[in-house]
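Just need the whole structure built from these sequences, with the hints factored in.
Residue numbers (this note's numbering), protein chains in the order written: chain A, 1 to 272; chain B, 273 to 549; chain C, 550 to 922.
Just so you know, these hints were derived from the structure itself, not from any lab.
Computed from a predicted structure; not experimentally measured.
For lysine-lysine, the following DSSO-like pairs were computed, each having C-alpha atoms within a straight-line distance of at most 27 Å:
#1 A/K87 x A/K182
#2 C/K657 x A/K178
#3 A/K178 x C/K706
#4 A/K178 x C/K656
#5 C/K894 x C/K815
#6 A/K45 x A/K231
#7 B/K282 x A/K89
#8 B/K460 x A/K8
Here are some chain C residues the structure puts well away from chain A; computed CB gaps all over 12 Å:
#9 R664
#10 N675
#11 G737
#12 H855
#13 G900
Label pairs and their in silico Cβ distance ranges:
#14 C/G567 x B/Q508: 52 to 60 Å
#15 B/T495 x A/L252: 33 to 41 Å
#16 A/V246 x B/M317: 47 to 55 Å
#17 B/F533 x C/N573: 50 to 58 Å
#18 B/D325 x A/R94: 39 to 47 Å
#19 B/S442 x C/N675: 37 to 45 Å
#20 C/N553 x A/R94: 46 to 54 Å
#21 A/F12 x B/S286: 48 to 56 Å
We put the beta carbon where it would ideally sit given N, CA and C, even for glycine.
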Amino acid sequence: MKKSAFSKIYIFLIFAFLYVPILIICVYSFNASNSTGVMTGLSVKWYAELFKDKVTLHACYNTIILAITSAVTATVLGTLAAIGIDKMKKGWRRSMLMTVTDIPMMNPEIVTGVSMMLLFVFIGAFLKINGVLGFWTLFIAHVTFSLPYVILNIMPKLKQIDPHLAEAAQDLGCTPAKAYWKVILPAIKPGIVSGFIMGFTLSLDDFIISYFVSGPKFQTLPIRIYSMTKKRVTPDMYALSTIIFVVILVMLIIINLSDLKGDSKKRKKGAE
Amino acid sequence: MNKKSTFYQKLCASPHILWSAIFIIVPLLMVAYYSFTDANGSFTMENIYRLTDYTDTFLRSLWYGIIATLICLVMAYPIAYFISQSKARAQTTMIMLVMIPMWMNFLIRTYAWMNILEDSGVINKMLSFLHLPNLHMINTPSAVILGMVYNFLPYMILPIYSVLTKLDRSLVEAAQDLGANKFNVFLKVIFPMSVSGIVSGITMVFVPSVSTFYISQKLGGGTFALIGDIIEMQFQVSNNFNFGAALSLVLMVLILICMAFMNKFSDTEDAGGGMVV
Amino acid sequence: MKNNPVVIDLKNISVSFGDNQILNNLNLYIRDKEFITLLGPSGCGKTTTLRVIAGFLEPDSGDVLFSGKKVNGVPPHKRQVNTVFQRYALFPNLNVYENIAFGLRLKKMKDSDIRDKVKEMLALVNLKGFERRAVDSLSGGQQQRVAIARALAVDPKVLLLDEPLGALDLKLRKDMQVELKNIQQRLGITFIYVTHDQEEALSMSDTVVVMDGGDIQQIGTPEDIYNEPKNAFVADFIGESNILDGTMLADFKCEFSGAQFECLDKGFATGEAVDVVVRPEDVDIVPVEKGMLTGVVTSVTFKGVHFEIIVDIGGFKWMIQTTDYEAVGNKIGLFIEPDAIHIMKKSKYSGMFGDYSSFSDEIEHLSDIVEEE
Chain A
1 MKKSAFSKIY IFLIFAFLYV PILIICVYSF NASNSTGVMT GLSVKWYAEL FKDKVTLHAC
61 YNTIILAITS AVTATVLGTL AAIGIDKMKK GWRRSMLMTV TDIPMMNPEI VTGVSMMLLF
121 VFIGAFLKIN GVLGFWTLFI AHVTFSLPYV ILNIMPKLKQ IDPHLAEAAQ DLGCTPAKAY
181 WKVILPAIKP GIVSGFIMGF TLSLDDFIIS YFVSGPKFQT LPIRIYSMTK KRVTPDMYAL
241 STIIFVVILV MLIIINLSDL KGDSKKRKKG AE
Chain B
273 MNKKSTFYQK LCASPHILWS AIFIIVPLLM VAYYSFTDAN GSFTMENIYR LTDYTDTFLR
333 SLWYGIIATL ICLVMAYPIA YFISQSKARA QTTMIMLVMI PMWMNFLIRT YAWMNILEDS
393 GVINKMLSFL HLPNLHMINT PSAVILGMVY NFLPYMILPI YSVLTKLDRS LVEAAQDLGA
453 NKFNVFLKVI FPMSVSGIVS GITMVFVPSV STFYISQKLG GGTFALIGDI IEMQFQVSNN
513 FNFGAALSLV LMVLILICMA FMNKFSDTED AGGGMVV
Chain C
550 MKNNPVVIDL KNISVSFGDN QILNNLNLYI RDKEFITLLG PSGCGKTTTL RVIAGFLEPD
610 SGDVLFSGKK VNGVPPHKRQ VNTVFQRYAL FPNLNVYENI AFGLRLKKMK DSDIRDKVKE
670 MLALVNLKGF ERRAVDSLSG GQQQRVAIAR ALAVDPKVLL LDEPLGALDL KLRKDMQVEL
730 KNIQQRLGIT FIYVTHDQEE ALSMSDTVVV MDGGDIQQIG TPEDIYNEPK NAFVADFIGE
790 SNILDGTMLA DFKCEFSGAQ FECLDKGFAT GEAVDVVVRP EDVDIVPVEK GMLTGVVTSV
850 TFKGVHFEII VDIGGFKWMI QTTDYEAVGN KIGLFIEPDA IHIMKKSKYS GMFGDYSSFS
910 DEIEHLSDIV EEE
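So this is what it looks like as structure tokens:
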């Protein structure tokens, strides 16, 4: 179908709508003036300022630690769960388990956040722990909301596998466990990897749920940003946002390029 | 497969089942428990009665959520369609461009709009520069809805796009072959087949819109509250967990009803599409 | 072959899934170096039998013996048999070389030995130079060869093949049939082959086992199975057959279609009701006055080598294959030699097969496709 001028203009307008606010932030991050409104000249002083801000830097560190640990845990739990669910017979047990698994994905984040907060606070009061909210509560929450995404990424891969693949491996001398390790896991690896990436980025980005289950002892970057935007903001926020934006952009471009490369490699092989 | 190894494989799900029970089911039960108890833990209906004070807030949240969702749908459908009609290479690039803003933290995205809409913000600066009268935009319902649309628009574009791009080209050709013009092809083939994408898009925009609190704080300036704001306040400011739990419970039930309604609607939509043809 | 030792012995094997009885007290032994085919329609239990031998399925009752030793409960990876799977089940994450080397690596073989063995296997299946190829870049036939090479690489005593040619097109299938038979003879190992294609079974096997409904219907050489079917099911499943209700009048004398015939069968009671099989190619067309039976031609189909003629004889439709053309409506006589008549005892299949009154090529063809498991 021919692309009309209208469609081109429309696409341009939507992308303008999506990107103008981001560009404005980037521009202001290089503002020499103290005020967020007036542009007086270019400078990188807000970036320098940002790197002096110990609290923010520490929040960055926390966020990455949390994202890695929770994503790894969710990937392990989720992969096992997907294998188990895949073997379950269709029926009410299976569909109920799937429904429960999907709850954190379907429920409003604020409800997930407060429900977990209530649980943690309750347990804290029960065990008489002061300030129960911290790394572990964040960790549990992040694993919980990442799990459905991991499972969702792996289940279809399991369904696609030739049902005789594991048998073929056993036939050639693998124990059942080894057959999984050598054959099934490699076959579902793409699903596991994308599940992990999703869990990782969701954890990096999450604010609402973290907001309810975190305490003053352990701050993540989104929570730090929230507390910064509560007051009148200095442009080091913009600097931080620009850095995040550039990092994401570079990451996505790298992933995309390697995807394209992989695709063309595969095509070449097929053409041989 | 051996019965024994099937059993071991099923066993793999048990850590997840345990995890889900403790960290999904129990917390939801806690919400219900807190809703019907007071600070001392004894049973009360007080929290439920008090909800009626916030009927306006609930209605406002639903209303804003519905409007934001509809605007997203109207904006997203054409672009999803146009992208799905582009060359494969251009499609990947454009979809990546749709996704990138999603990867920016939504706090920052919302904050950016605050700077744009403020009385001394970017737009008004430009208007002054052009010697035009300034506009008051921040702290209005429109600003809040704009914030919702901006933040959640990609969630509408992506599911619609993914349905449209999987659409079998030969269906369109078959319709044309049978005498349908472009408009009819869209109305009778493309649109009915993209309903599932629209439904998941609506879900993905409506749920966070209805329950948001940050957007209304930043772009609404606290002049009017949404249900998310009230819930947040109970937990973070006034420490009234019981009432907060009751509010959350009702929010959850409301959204569930909306989703059930939505699914029903989409089913009849499918059937209706069949009937028209 | 007849004196070779028994390598696999199945004794009273029963398997059921829920209420569904898949194998019904099955007994079967397989000799060394034998090419044995389990033949039957889908759901007859042939693949289940194979899975019991491979160890993927434990029978509810009965024993599996390998060279006289009971192997019930021995897991697949410890059994000296290997399988070529229906859809090949090649490991998509490994290339051709690694697929074939898979079992060898598990045996902790030396790298240099593995290299030699893989090379030998690739030569055996005519895939020299394919070592580094990704398996998903291969054609169906090539994947099939890799699957065979992979299973043979670990030197199995017995190779199990589960409809290995089912996914290939006709021409390729014929070529592979010859090749498989050659490989089997060259390596001198036992092949247990599962198929629903009777032609494949007849042309490749030393022994054919015809199965239906979880029971073995007949075991024999391809010639036995074709010439001396035990019941109406076997007669119908293997080739075309006219199956008629008949009566034994005495030894070597029978009656069907209202006429008396000489035959080569004996040992039935006088007056015993029997099923009579007459193969379409064994009927000669003669002038009406010379015919033992007479009928009217109702349809003629050109088949290349011969014509397929349906003849109405007293309301029963016969199929006759002949090189002589007869027009529809012609009245013809039929002549049947004594050795063309085969007498079978009545069975539960009596009356179900062997009448061509509703015959159509198309239906036959469709049922072939549906038979995929």
